[in-house]
Amino acid sequence: MGAPRVVPTRGIPYPAGDPTLRPEEEKAWRRLLLETALKAVSTTVHKPTVFTPATI
Amino acid sequence: MKIVHYVNQFFAGLGGEEQAGVGPQSRPAAVGPGRKLDSLLGDDHQIVATVFCGDDYAASKDTAAAEIVALIKEAGAEMVVAGPAFTSGRYGIACGRVAAAAHNAGLSALAIMHAENPGVAEAAPAQVVASGLTAREMGKSLQTAAEAIAKIAAGEKLTAADGLVGSAPRINRLVEKDAATRAVDLALARLGGDRQATEIPMPDFGIVHPAQPIDDPSEALIAILTEGGLVPTGNPGRLESARATKWLRYPLADVQELAKYDYQSIHGGFSTAAANDDPHRILPLDVARELVEEGAIGRLYGEYFVTTGNGTTVADGARYGVEWAAELHKAGVQAAILTAT
Chain A
0 MGAPRVVPTR
10 GIPYPAGDPT
20 LRPEEEKAWR
30 RLLLETALKA
40 VSTTVHKPTV
50 FTPATI
Chain B
0 MKIVHYVNQF
10 FAGLGGEEQA
20 GVGPQSRPAA
30 VGPGRKLDSL
40 LGDDHQIVAT
50 VFCGDDYAAS
60 KDTAAAEIVA
70 LIKEAGAEMV
80 VAGPAFTSGR
90 YGIACGRVAA
100 AAHNAGLSAL
110 AIMHAENPGV
120 AEAAPAQVVA
130 SGLTAREMGK
140 SLQTAAEAIA
150 KIAAGEKLTA
160 ADGLVGSAPR
170 INRLVEKDAA
180 TRAVDLALAR
190 LGGDRQATEI
200 PMPDFGIVHP
210 AQPIDDPSEA
220 LIAILTEGGL
230 VPTGNPGRLE
240 SARATKWLRY
250 PLADVQELAK
260 YDYQSIHGGF
270 STAAANDDPH
280 RILPLDVARE
290 LVEEGAIGRL
300 YGEYFVTTGN
310 GTTVADGARY
320 GVEWAAELHK
330 AGVQAAILTA
340 T
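From first to last, the protein sequence lines stand for chains A and B. Take the first sequence: its position 2, counting from 1, is numbered 1 in numbering that gives the first Met the number 0, and each next residue is one higher. Take the second sequence: its position 199, counting from 1, is numbered 198 in numbering that gives the first Met the number 0, and each next residue is one higher.
Isolated chain B (complex conformation) (with noise of 0.2 Å):
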């Protein structure tokens, strides 16, 4: 099968985000990670071209998708794939826009980026199969693609085994019980042990395992902490207000009190008057400093870390969370007390 790849200006080897706004360029042959693509589809399948755009161009103009398609149907293609995007937002939504733009115009299309990825909801009716988090994960990632493209050209459908994620294909089919009878059968199962019987899987968010508790506070080093986007007035480090792709940490150590003004709220999920008013409502670095002053708390760390809890994917908050652990772990913290809005 004659494949056209597509990937962004980073991954064509044009540049990083100085490059962000190039339009739609094609070129013939693998081209960066698609050559690790193409010998992984051995001799069946052949890379024919990559297509590249840059990220900005691709995420923000309207006609961006069928001008690509348009390059992508020019250097002969059966078949599109694109990515892997990763945990990329621009990249993501280029590359499902363009595996559904190729669908619709009558090619076989696979997208392939993170599950958590917001492209995942542009690729439809185009699939899309998971790659890891980071380009840390190019090999395994491009593995997936690999096996997936391979079922794909022989018609095979692909499944959550393979990788498929995004919303599942719904398919009529009659059963032998109406819904009433499968929910009473279901809560009778329920109540009679049964903890897994479902028709609707929820996503499963793991367990986390209680820290060790510490002796005595008035010993201890304590972090405060906050996802509920309390940054410096003005915002230096650019914190967004919804969908943090970041963590800041700001110092705290010649810092007696978190005065009006000089501190604001930047979330995007509720009003900040009140934290605005008195931005200890937010991180509560007035009433640490008298404990420390009584004794009650050993010492306070001379910093504060801070993320917007605001539509934040699951997995960028538990890696908030691990790198934060890292850290204080680091500097000797024995407790962090964070505030959640």
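Bound conformation, chain A alone (with noise of 0.2 Å):
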């Protein structure tokens, strides 16, 4: 739908987590998604660009 800055994560019902990892990997999954999401608010895009995140 044309969102400028996309951070592709694991399932729709938990866009910020993954409930199939150990509760301490799971933060550290969704720190890194953040990360991401500030890495890709801090780039010059000119169209829809995913911001892929290193995985864990």
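Hints may be right or wrong, so weigh each one.
With a straight-line Cα cutoff of 27 Å, these simulated BS3-like cross-link-like pairs (lysine-lysine) come out [as the list claims (entries may be wrong)]:
1) A:LYS46 x B:LYS329
2) B:LYS259 x A:LYS26
3) B:LYS156 x B:LYS72
The set of hints was computed from the structure by calculation and includes no laboratory data. A quick note: this is a predicted structure, and the numbers were derived from the prediction, not measured.
Dock chain one against chain two, each of which comes alone in its own frame, and use the hints as you go.
Shown next as structure tokens:
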């Protein structure tokens, strides 16, 4: 739908989490998503662009 | 042509939500927006009566449309005009059903509402022309209606250029080439660089121009937002679980973490078990606080905005986006991170 900066996550019911992980791993994953989002809003884009978080 | 105008209790001047339960009634001549419509129609056509009904009654009672059409016929209608209903759900559904029932009763019928109003689907086989989004666009919407009425009265066919919306009538006709040949022709045209040729135009969602990036998140005011339906437990603002008609704002300033049982997702489009078990799976407040603490984020905006992205119309979604951007801009927020379910 044209969102200019997109960070893909792991599931519709938990865009900022992953219930299959242990609690401390899940929080690290959430933190990585937010850090990736901060990178995205600090980056110039000209069209819808996907910023993939480095997997943990 | 003798026209009977259908409006809801609000546009009939009866009252708002407290009058939504009233049953159908009839008044002679034009009332409310009908007066303007009547003057736009000139001397050729006349609004002879206005029939109105409360939105709740009209949209929820099975017999409502039949009762309304009985009053319309009693008033001597040759044609029924219903609306404009803009994006009002119940009013749109009522206008659609009244137009359909009037058409099936042998009257000429036209409904007026926004293209994304769910009432458009109720109107067939009657026709619908598009109104604006809200009553602020009443004047323009009535102009569209008046021109469509004149065309219908003259026996002409309405087209998209007249504001016609809803499912296009399918008219069978013979063409020279069969479907397979046309499909191959279109594929060849595409390969030849033609990006336009199609038999089925797709809806146009427009282009969102990306905002400039922020210089340094560690000095920025950043907001976290969601369309995941996350609200304080009990849903005090009554956010809808689907087809949200609004967005809400809740404070974060004194909230360190989103404790389980203090928040819930009321989203109706997925299982909310994971979200309710840990609301940070929808709104990442815990790690946002950590990043503020460590200096990676300058400051966190003291509220979060929330709506439900579930069957919500593109028009409503675009409006929420515009309103959110305006609010955040006013508050000096430089970047927003929105979780999408």
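Hints, verified against the model:
1. A:LYS46 x B:LYS329: holds, 26 Å
2. B:LYS259 x A:LYS26: Answer holds: LYS259 (chain B) to LYS26 (chain A) is near 15 Å, not above 27 Å.
3. B:LYS156 x B:LYS72: holds, 24 Å
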